[in-house]
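Undergrad: Residue numbers (numbering that gives the first Met the number 0): 0 to 409.
These are calculated hints, taken from the structure and not from any lab test. Among the clues, some could well be false.
[Claimed, not checked] Straight-line C-alpha distance at most 30 Å; calculated BS3-like pairs for lysine-lysine:
(1) 22 - 160
(2) 195 - 160
(3) 368 - 358
(4) 398 - 383
[Unchecked claim] Listed next, with one range per pair, are the computed distances between beta-carbon atoms:
(5) 96 - 74: 45 to 51 Å
(6) 356 - 383: 19 to 25 Å
(7) 0 - 368: 28 to 34 Å
(8) 406 - 62: 40 to 46 Å
(9) 365 - 197: 51 to 57 Å
(10) 1 - 290: 51 to 57 Å
(11) 215 - 133: 34 to 40 Å
(12) 232 - 35: 17 to 23 Å
This structure is a prediction, so every number in the text was calculated from the model and none was measured. Ideal Cβ positions, reconstructed from N, Cα and C, are used throughout, including at glycine.
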Amino acid sequence: MALGIQPYKGARDFYPQDKRLQKWLFGILRQTVEKFGYQEYDAPFLEPFDIFAAKSGDELVNEQLYSFEDRGGRKVAIRPEMTPSVSRMVAARRQELPYPLRWYSIPNLWRYERPQRGRSREHYQLNVDIFGVEGIEADAEVIQIADAILKALGAKPGSYKINVNSRLATVQALKDIGIAESELKAAYKLVDKMPKLDKNEFDALLAEQLGADRAAKLRQFLEGQEPPPKIRQLLDVLKAANVETAVYEPSVVRGLDYYTDIVFEVFDTDPKNPRALLGGGRYDGLVELFGAEPLPVVGFGMGDVTLLNFLEGHGLLPALETEVEAVAILIGDVYEAAQPVLETLRGKLNLAVDMTGRKLDKKIQSADKAGVANVIFVGEEEIKSQSVRVKNLASGEEKTVPLSEYTREV
Numbered sequence: 000m001a002l003g004i005q006p007y008k009g010a011r012d013f014y015p016q017d018k019r020l021q022k023w024l025f026g027i028l029r030q031t032v033e034k035f036g037y038q039e040y041d042a043p044f045l046e047p048f049d050i051f052a053a054k055s056g057d058e059l060v061n062e063q064l065y066s067f068e069d070r071g072g073r074k075v076a077i078r079p080e081m082t083p084s085v086s087r088m089v090a091a092r093r094q095e096l097p098y099p100l101r102w103y104s105i106p107n108l109w110r111y112e113r114p115q116r117g118r119s120r121e122h123y124q125l126n127v128d129i130f131g132v133e134g135i136e137a138d139a140e141v142i143q144i145a146d147a148i149l150k151a152l153g154a155k156p157g158s159y160k161i162n163v164n165s166r167l168a169t170v171q172a173l174k175d176i177g178i179a180e181s182e183l184k185a186a187y188k189l190v191d192k193m194p195k196l197d198k199n200e201f202d203a204l205l206a207e208q209l210g211a212d213r214a215a216k217l218r219q220f221l222e223g224q225e226p227p228p229k230i231r232q233l234l235d236v237l238k239a240a241n242v243e244t245a246v247y248e249p250s251v252v253r254g255l256d257y258y259t260d261i262v263f264e265v266f267d268t269d270p271k272n273p274r275a276l277l278g279g280g281r282y283d284g285l286v287e288l289f290g291a292e293p294l295p296v297v298g299f300g301m302g303d304v305t306l307l308n309f310l311e312g313h314g315l316l317p318a319l320e321t322e323v324e325a326v327a328i329l330i331g332d333v334y335e336a337a338q339p340v341l342e343t344l345r346g347k348l349n350l351a352v353d354m355t356g357r358k359l360d361k362k363i364q365s366a367d368k369a370g371v372a373n374v375i376f377v378g379e380e381e382i383k384s385q386s387v388r389v390k391n392l393a394s395g396e397e398k399t400v401p402l403s404e405y406t407r408e409v
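Using the sequences provided together with the hints, build the complete structure.
TA: Written out as structure tokens, the structure reads:
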């Protein structure tokens with residue numbers, strides 16, 4: 000029986016055209032983040048199971064984590080997110096590092112989820128974090144970076160919205176209406192469903208799980224228009240930074256247990272892509288789990304799957320050309336003699352050499368099918384005269400150029 004040709008369910012193959020798009024996307028992510036003074040880092044693909052079990056949340060740990068025992072009997076996990084890893088790294092050198100730290104990464108992450116639009120089992124995720132700043136300026140900066148990324152990708156005003164909230168304020172509101180400490184996690188999940196259900200469905204769910212009186216009070220809080228003072232301050236700072244799409248949304252609580260105060264999510268306004276493009280917030284207590292002194296931290300994660308869906312839905316995906324700028328077609332048995340010419344050409348452009356024994360027209364067709372713009376003919380005559388014959392496959396134009404004068408523009 001032949002082996003299967005499909006990748007593991009929920010994973011992706013990246014053919015050259017896919018890697019070309021990823022390279023373009025990651026290039027814009029890196030360029031934008033680095034403009035704000037952030038440095039790239041990475042961490043192991045495998046981590047001790049315990050660093051995720053401590054604070055990543057029951058759903059992620061019990062249902063989505065790829066974990067196993069290695070041959071030494073140690074329980075390990077494939078990283079489903081980066082926050083525990085970067086917290087471990089900072090804790091390991093807590094006293095040595097120069098603060099504030101501005102770090103970012105674009106790792107490959109895995110979660111055992113049901114593959115669907117906007118969600119796969121593996122994805123790449125931009126992580127942006129600033130360590131060591133307590134003030135609202137840090138929260139504003141990472142949100143500003145998220146906004147700058149979307150603008151750099153060509154997103155138009157109104158194509159996305161930034162929802163911000165104070166998780167502390169929401170927790171206090173839940174307690175004020177009679178939600179016990181032991182009920183808070185369930186209440187978070189309930190509040191998180193508000194944007195995903197219509198009003199009648201959500202009200203019915205509230206009444207079923209909280210009772211009529213508490214449901215009415217929670218609904219009143221969630222519909223409140225006046226943000227807490229800290230959120231008002233954050234919105235003012237964002238407005239000054241030309242981030243016009245940020246609004247107060249008390250239903251944003253985020254699903255991970257380590258968030259401590261301000262949280263935020265960015266949504267596509269196109270109803271065909273309802274998933275969050277990114278999310279993040281403050282997680283000031285996480286490095287303490289590794290025995291380090293307390294450290295204020297705020298950051299976000301932006302996955303490539305939903306981001307690409309957003310770009311596709313808004314017509315923002317570019318038409319990218321192959322990295323191969325020309326194919327050299329050798330005329331006659333000149334492979335060895337042509338090496339100095341080929342070496343000179345490679346100093347000027349990205350060049351592939353057709354080494355097949357196919358007929359000339361088949362070689363030209365193959366280059367055209369690969370999306371290559373030009374073919375360069377090199378035979379005995381060209382080697383002797385130190386020139387090349389160049390054919391543009393789009394126009395059919397052909398000309399002979401001295402090798403010393405050949406450039407990309409030619």
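Undergrad: If a hint holds in the structure, say so; if it doesn't, say that too.
TA: Hint check:
1. 22 - 160: Roughly 26 Å between the alpha carbons, so the hint for residue 22 and residue 160 holds.
2. 195 - 160: holds, 15 Å
3. 368 - 358: Since the Cα atoms of residue 368 and residue 358 sit roughly 16 Å apart, the hinted pair holds (cutoff 30 Å).
4. 398 - 383: Holds. Residue 398 to residue 383 sits at ~17 Å (cutoff 30 Å).
5. 96 - 74: 45 to 51 Å: Violated, at about 29 Å.
6. 356 - 383: 19 to 25 Å: holds, 24 Å
7. 0 - 368: 28 to 34 Å: holds, 32 Å
8. 406 - 62: 40 to 46 Å: Distance hint for residue 406, residue 62 is violated at roughly 57 Å.
9. 365 - 197: 51 to 57 Å: This hint holds: roughly 55 Å between Cβ atoms.
10. 1 - 290: 51 to 57 Å: holds, 52 Å
11. 215 - 133: 34 to 40 Å: Since residue 215 and residue 133 have Cβ atoms about 37 Å apart, the given range 34 to 40 Å holds.
12. 232 - 35: 17 to 23 Å: At 20 Å between Cβs, range holds.
In the structure shown, a violation is registered for the earlier hints numbered 5 and 8, in ascending order.
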